[in-house]
Every structure is written in C-alpha cells, then in structure tokens.
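Novice: Based on the provided sequences and hints, a complete structural model is requested.
Sequence order for the protein chains is A, B and C.
Start counting the first sequence at 1; every next residue gets the next number (the working numbering).
Start counting the second sequence at 371; every next residue gets the next number (the working numbering).
Start counting the third sequence at 719; every next residue gets the next number (the working numbering).
Warning: the hint list may mix true and false statements.
Here are the simulated lysine-lysine pairs, DSS-like style, with alpha carbons at most 30 Å apart [claimed, not checked]: (1) B/LYS632 x A/LYS317; (2) B/LYS632 x B/LYS653; (3) A/LYS73 x C/LYS952; (4) C/LYS1029 x A/LYS94; (5) B/LYS634 x B/LYS649.
It is worth saying that the hints were derived from the structure and are not from the lab.
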Amino acid sequence: MASVTLEGTSKKFGDFIAVRNMNLAIKDAEFVAILGPSGCGKSTTMNMIAGIEDVSAGTIRFDGTDVTNVPMKKRGVGFVFQNYAIFTHLSVRKNLAFGLEVRGEEQAEIDRRVGEMAEFMELSHRIDAPSVSLSVNELQKLAIGRSAIVEPSIFLLDEPLSNLDSAFRERMRSDLRQLQRSLNQTMIYVTHDQIEAMGLADRIAVMDHATLQQFDTPENIYSRPENTFVAGFIGAPSMNLVRVRIAERGGAMFADLAGREADAVALDERLARQARASGAAALTFGFRPEHLRISDQPGNGSLAAQVVLVELVGRRKHVHFSTGQTGFVGSFDRGVSLRPGEAAHVSIDLRKSHLFDPETGLRLRLGEED
Amino acid sequence: MAEIQILGVSKAYGGVPALDNVSLTLNDGSFTSIFGPPGAGKSVLLRLLLGLETVDAGQILIDGVDVTRALPSERNLGMVFQNLALFPQLTAYENIAFPLRRRNVDQTEIDRRIETLAGILNIGHILSKKPAALSGGERQRVAIGRALVRDAGAYLMDEPIAALDARLRDDMRLELKRLQSELGKTFVYVTHDCDEAMAVADQLAILNEGRFEQVGRPEDVYGDPAMLAVAELVGAPRISVLPAFGDNDGMKFALGRLAGAKVKGECLMALRPEAVQLKPGGKGPCSALVTDIERLGAFSIVTAGRDGTQVRAITDGDSPLRLGAEVEITVDPDGMLLFDAATGARHA
Amino acid sequence: MTDTTLPAPMPVEEQATGKLAQSRRSLAVRLLIPAQVLLVFIVAFPLIMQIFISLTWWTPLDGDPWYLAWMSWNWFDNYTYLMQDDGLWGSVGRTLLFVAVAVPIEFFLGLTLAALFYEGVLGRPVLYSLILMPMMIVPAVAGYIFFLIFQQTGPLNSALSVLWPGMLDVNWLNDTTRAFVAVVIADVWQWTPLMFLILFAGLMSVPEDQMRAATILGANWRQRFFRIALPRIKTVIAIAIGLRVIECFKIFDMLFVMTGGGPGVATESLSLFLYKRTFQDLEWSYVASIGITVLVALSVLTAVLMARVKKKDAR
Chain A
1 MASVTLEGTS KKFGDFIAVR NMNLAIKDAE FVAILGPSGC GKSTTMNMIA GIEDVSAGTI
61 RFDGTDVTNV PMKKRGVGFV FQNYAIFTHL SVRKNLAFGL EVRGEEQAEI DRRVGEMAEF
121 MELSHRIDAP SVSLSVNELQ KLAIGRSAIV EPSIFLLDEP LSNLDSAFRE RMRSDLRQLQ
181 RSLNQTMIYV THDQIEAMGL ADRIAVMDHA TLQQFDTPEN IYSRPENTFV AGFIGAPSMN
241 LVRVRIAERG GAMFADLAGR EADAVALDER LARQARASGA AALTFGFRPE HLRISDQPGN
301 GSLAAQVVLV ELVGRRKHVH FSTGQTGFVG SFDRGVSLRP GEAAHVSIDL RKSHLFDPET
361 GLRLRLGEED
Chain B
371 MAEIQILGVS KAYGGVPALD NVSLTLNDGS FTSIFGPPGA GKSVLLRLLL GLETVDAGQI
431 LIDGVDVTRA LPSERNLGMV FQNLALFPQL TAYENIAFPL RRRNVDQTEI DRRIETLAGI
491 LNIGHILSKK PAALSGGERQ RVAIGRALVR DAGAYLMDEP IAALDARLRD DMRLELKRLQ
551 SELGKTFVYV THDCDEAMAV ADQLAILNEG RFEQVGRPED VYGDPAMLAV AELVGAPRIS
611 VLPAFGDNDG MKFALGRLAG AKVKGECLMA LRPEAVQLKP GGKGPCSALV TDIERLGAFS
671 IVTAGRDGTQ VRAITDGDSP LRLGAEVEIT VDPDGMLLFD AATGARHA
Chain C
719 MTDTTLPAPM PVEEQATGKL AQSRRSLAVR LLIPAQVLLV FIVAFPLIMQ IFISLTWWTP
779 LDGDPWYLAW MSWNWFDNYT YLMQDDGLWG SVGRTLLFVA VAVPIEFFLG LTLAALFYEG
839 VLGRPVLYSL ILMPMMIVPA VAGYIFFLIF QQTGPLNSAL SVLWPGMLDV NWLNDTTRAF
899 VAVVIADVWQ WTPLMFLILF AGLMSVPEDQ MRAATILGAN WRQRFFRIAL PRIKTVIAIA
959 IGLRVIECFK IFDMLFVMTG GGPGVATESL SLFLYKRTFQ DLEWSYVASI GITVLVALSV
1019 LTAVLMARVK KKDAR
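Specialist: Next comes the structure, spelled out in structure tokens:
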C-alpha cells in the first residue's frame, strides 16, 4: 500500500511562496499527474514528496505515516530527474545495479534483476556500454529502469519526457502506462504538457501560481473545469473565454459577445438557468474550439462570424473567427474549406460549454449534474 | 532581403555522413521549416548555413553570392538558438541591444529598433528585468528580439519554442508567422514537432538521415507524401503501416478487407488515424478488437487489432468504446496511402 | 528551467580554410615572432651554454671566463662521475622518500577535509580561510617557524611533556630520523591546504543531481562518496598529486632554513645537494651535468605519461 497525502503543505523560499497550502490525497497505485505552467510550484511539490526539499508548513504522509521529517535517503521513493542524473562514469549495468548494490543484495540476485530490467527497458544490447554513449531516448529508459529496479511503492517522475522528440514521446507514453500497471505502483508525474497528463493519469492535479486549482479525472478536468485557468490550460487550442453580456429577450436568454446584440448567442436551458440564477449582467462564456460546427442556419448557440486566419496544424485546421470586436478560435478537420475573409455561420455545442464568473473565474453550476 | 540556395552540400564527421548531397532553395521572404527526426542533420545544416562549420562539398549562396567559405560575421544571418543563450548579467534591453552595440550603432537608433520590436513581441514591460526574473515565454521572446534586432538578411531558428507549454507555443507560432510576414524576411525554422513545422511554413522540407526526402507546401507533403518515410514522419498520431494486397474486391490485409483498391498487388498500406473509423460491432469485412484507448480530452487515440496487427484511429474524446470491444473498421479513401513494398515510393 | 544539457557527441569545430582565414593566420605568426625570439634567447641560449659547460672540467675557480671552458674539455667524464656519486644518489633517495611519505599524508588529510566540507560537516567560511592560511606563508618563513617549534627547549617539547610527563626533552633537529620526521610535518602543515583546495573544487564539480539520485536510491554518505564522488574526480586527484609531487621533489627553502640539510646529510634533498655543490664547492660543470641529466629524465617520464593519457583520451 502506498498512498500519498499532503495536508496543508507549503513551501517558502524567503519571501517567495513556491507552494501554498496543498491538500492532495493520492490513492494507492494511482497514476497522478501534477500539471501546470513553468513556475507554478509543481516541481517543488514533488521535491517535497521526495524529501529533496523540506516542508515549510504542513505534513506529508505515506500510507498514513508521517514522513514530513524523514530524510531523503529513508523515504523509499523512486525519483526520475528531468535531466536523468545518470551516473555518467558508470556503465549501463552499473547504473541499473546501483540501488541494489547499496542495499547489500547478493551478487547473483543483482545480476538476475539487472538482466530482467535491461530486457524490460530494451537496453540489453547496450548493457555493458558506458552510459555516456546512450542516446537521449535510451538514457530516459535507463533513468526509469534504475529507479524501478528497487521496486519503490511510490514513483516520482519530474518532466521525464520533456527532452524527447514528439515521435518518441508517443511510444514512451504507452510504455510508461504499461510499466505502472505491471508494477502496480503509485506514480506521480510532473509535466507542463497537458497531452501527456491527459493520456497517462488517472487523476490530474492542476496547479497555477503555487496553488492547487483542481484535482480530478482527466475527463472532468476537460469537461467540467473548476475555473477559467483550468479551462484555458487544458486543450489545444485552448478554450475560448469570451466576455459576454447576459440579456433576456423574448423570454430567452442571450449571451451578447462584446456586449453587442448583433453578436448574440442564444443559450440553451441549462446555461440559461445558470445565467438567471447568477443574476449577473456580465459573465465569461467558455466554449472549446473543437465544439464548433459550421452550420447553415442560425439556431441555439449559433453565431455569424468572419474568418480572419486559417492555420493548418497537422490533421486539423485552426480557424480564427471575428465578430465585430470579439475573436475566437475553432478547430476543424482538414477537409473544411474556409478562407480568410469569408463569412461563416458557426454553431457552438452548448451542452459542452460553460459560464464562468468574470471576477472569480469560477465555473457556474447549479447542483451536481452541471 | 535574402534568397538562400543550398547546392549539393555534404558534411561528414569522422567518416560518418551527416548530410549527403543536399540541395534546397529558400526564396526571398519565405518561411521554410526543416523537419526531421533527431540525428537527421537539421542542426548540422543550420551550423553550415551560419558558417560555424565548413562544408565538405557543395555551395551555399546568399542572394547569388557564394558564401561557402565566408565567416559567420560576413553572412548577415540572425540566429535564435535552442538554449536561448541570453546573458544572465544583462537586462532584457541590454541583451537585445548587444549585437547593435558591438557594431557601434547609435543609441537613438538602438532605442528606436528595440521599441518597435518590443511592441511586436509584447516585451515592453519586461525590458528592464534580467533573464532570471523572466518566465520561459518571456525569455524566448527576448531571445527572438535579440536575433531580429540585427536587421539581417535571413533568420535561422533552432527549435525556438520547444520548451514552452502548449498554449504559449500556440501563441508564439502565430506571432512568429505574423512577424515574418510583417518583416518580409526569409525565415529558416528547424523543429522536431511536425504539427508546428506544418503550421508555420510556406515551404516544408523533410530531412531524414542526411537527405531531403521531400520539399513542398505543407498540405502537399502531408496529403501527398512521395515516400513512406515521409508519411511516417509527418503526422501525429503516427500513421499505421500494414502490408496489404489489392485486387478487385478491395485492399486485403491482416484484419480483413477495405473497400477501394487504387493499386493492385502487393504493397504497403498506410492509414492516417483521422481517416480510420471504428464502429461498435464485429460484423463487416474488416474488424478487430480494441487494444488500447488514450483519452486526450478533445479526441481519443484508439488502437484496434488482432494477432499483433494494429491500427490507430482518432475518435471523439468521449467515445463510448471500451477495451476489448469488437469494432468494425472503415477507412476514408483520402487517408489511405499506398506505397511500394520494396522501394517505399508512393503508388497512389 | 535548468539547462543541464545531456551528454551527446558534439562534432569538433573545424578551422576555416578560406583565403581570409589564411591571411589571418600569417598575421598571427608575424605578430608572435618578437615574443618567440625572446623566448629562444631566454630558454635556448642558457640551455646550450649549460650543455657546453657540462662537457668540461670548468669552474670559476680556474679564473677563465666560461667561453674558454673548451680548454678543459672532458667529454662525458662528469656524467660517468655522477652515476657513481653516492652523495648525489643519497640525496635523490632521500628526496624520493620524502615525497613518498609527505604527499600521501597531504593527500589523505586534504581529501578528508574536502569531504567534511563537501558533506557539510564543516562549513564556516572562517574555518575555510583558516585552513588555507598555512599555504600563504612564505616557505622559508614557515621553515623558520618550525625551526623554532622543534627546538629542544621549544614549545612542542613543552606541550608534549604536559601530555606525557616524564618524557625527557626530545632532540628533534639533531637526530637523523627525527629531523626527517620534523621536516615532513612542516611540509604537510604547509601544503595540505593546497590539496584540500584542489580536491574540494573537484568535489564541487560533481553534479548535485547525481548525488541526490544516489541518496534517493538509498546510498549513505560513504557509498555516495566512494562510488560517485571519488571516481568522478580521478583527473583532479591526478592533477593534485602530480602537482604536489613535482613541487615536493624540488623542496629547498623550507629545508634550508629548518635544518640546512642536517644533521649531516639526513635531510639533504636533491636541491640542497645541488646548492651546496654550486655555491659552496663551486663545481659548476658537474652541477650542469646533473641538471641536464634531470632534464632528460623528466622529459622521458613526461613523454611516457602523455602517451598514456593520449591513449586514454582516444578511448
């Protein structure tokens, strides 16, 4: 069993607050990603879990046992550094064997496990090579293998895939998933790449400016973001967050983009209820680029707009629209034919859209189903 | 203004060829992306263009002038390095001013140029800070500013936005594109991210193992790859490649039969994930079991297969498919690319 | 974001071969010629002069100027003599013994200090400066300080008799063995700080992340030190020991002041031996031949070592 719990954990460097009052309950054998932009405090949080940094306030527990003051050496976690920290003066074999050797394991046992791990990591053919001769991709596998071989129940990885090229990252993502499942460990993974987080994690802890924003499954983070930060951080291109004026006309609720009646989106029942309940005159309307369709007729959630820019990004087209003073982005299949300067009718899937409070950034909801 | 021509350039290190007789023309004012896997020779090519190293064979011409043996300072090229290389003890302003000060440019001129650039790059508010106090994105923009302030003929960039998070990368991509069209200069952009390479470029050059596999417009390289290697390199998620046999009934392969055979006989069939449709149910001429699902919010990557043969497909983010489910596979003919099994050349 | 780049084979920068580069090179050569001429004059001329003299019987006692030394030409008689000179070989042997005793002691003491500072057991900057101080004292002055300390009626004996009452005042500098020990102690005191400095700098260059990785894998300080830190500073250790061996071999001023080579020749190093032959006995041509022999021997040794280092690098 290896659950990890942070209670009120904070870290200050002088006056600078790196991590503010983290409360995080990670379950045994769960794969958790800590996601956030650079400088948000995610690496510091992980360093505190590993014991590399000490805690300024609060506690850290492994399986209920308080480890806040336990030194790094005794925490029994596995740690993969961003730059791998391979023992460059040792061979691949010696690197893998290190954790077992310092524990005083029998040589025969060490050889057996090193051989197994080398196979698992597909490094058998390089096992006696000096570690400096490995490519970046091989180094990453070696770093993981070196930590995994001592079978820690908690495995920490600090942006392990950030040095790799995008083609290899795809492969490593599935390898990591397999590894975690087969070793049944609690894995905590720091990254700024939301694709990685979404693809690997059972739950994602989103951080910004030293604070935890939301800790939830990838599906919920994507479709029910707590606030505008999470909404905007997950998803590429990021969610359109447009300031709208709420108006009631003819019994229906409308969201006027940039306060213009001409650029109004008719709200569906769910959003209309939320808008009425909030009583606010202005809200932030959030809709994802992939939830836009080009339609012929106006209807609920539709809008007339002009195409400003078309970007071909891989298998998708990112289309930048403008209505009067507001701009937003849509993401479509390559087949869509839109040219800059054209007029288009865009319909927004309102079932997947949200309203946010413009001051606090919090998402509006009435009850659990929202 | 600078048209760059690379003619038959080769370079080897210790007998190992890094670039093999490569040629490329970069028109004046164009935005060219050079994309390839690591070790393809992209950085080597940039260093040769800059003049940091000399070619073993071939020529480099800038605006018709042979600069193959010229020193870097004589080539009038700006460069944004992958690791930024900002001077930590200077402020952002001084970092950008550095190349100009070295050429004894007048202070008023320096102020003018930096002001213009700061407006375009949106760094006016951080000019007085030192790199350590800046975020990754701000540092990147300062580094780009330092390269651009020089008013060079052309600008070379080596993975300038690789270290930024997704949203910032999206913004910077657009900004770089806009900058380039405003300045009208030739941009040479090296990256290992294929989506990025396609998004920014007028001209996309695929470099693989020291050779240009294909050069053309991004949409042509993606939709109409000349070689299997190009189809495999360009496109995320990875294209699925399967041996197949085409006859009057369609394309036959390990998982069944797909309609429409543009080519008869043995070949390699490559399927773009976005063209592969999976429907629940095991009937139909082509079917398999779901072996992996990666849910990435906006979309999901579903792998389906049988007995070791696998096909990747893109489905909705909230696709109801489950592991082990039986699915029927159909493929949009536009996303089916057929290649010669022996040479890797494209059939249709 | 940390910018620790991963080790990846980087091609060596090549030199430009264009016309421009060539003209720059010839300019460089032309600018260097005055310095080269000066160097030749300072180095080559005295060397030739020394070789010349070593092949004769000449001493200033003859009354003739040195360029007339050819009159007492003796070919290699000096060289054959030096092969059998017990005085010379005795001093060489004593010097080697001195190096073999003093340098390892300095190394282990220096390494211990460096390790203590590195692990954080010792840390105060004040302590750091104190440790470095002995190195900054002029060796002759240090020699004199120790001369006074090791006096029969000196402070060392007073301190010792407090700890071991009943021990009679020890005679340090007039006993052959104890004088050697005293001199070793003096050298160790003065030069351990140098070892410490070099080794500590070496330890600081060990990447912190690797040490952290080792700790997280469960290594204690001893395992970290011997498996990670020490292997990584092999080159630094070689440099430190090499430096000290060369310097120690030449030891002169400290000995001159402390014992003058005595009692008898118990602490006469090679440098002291040469000094006496040159300035007391005025046997200049003999000393010249010894000098040339040492030069040849060291050159051969260096060439062999360099060849081994080059072979290691090529691997």
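Novice: Check each numbered hint against the structure and report the violated ones by number, ascending.
Specialist: Violated hints: none at all, because every hint is consistent with the structure.
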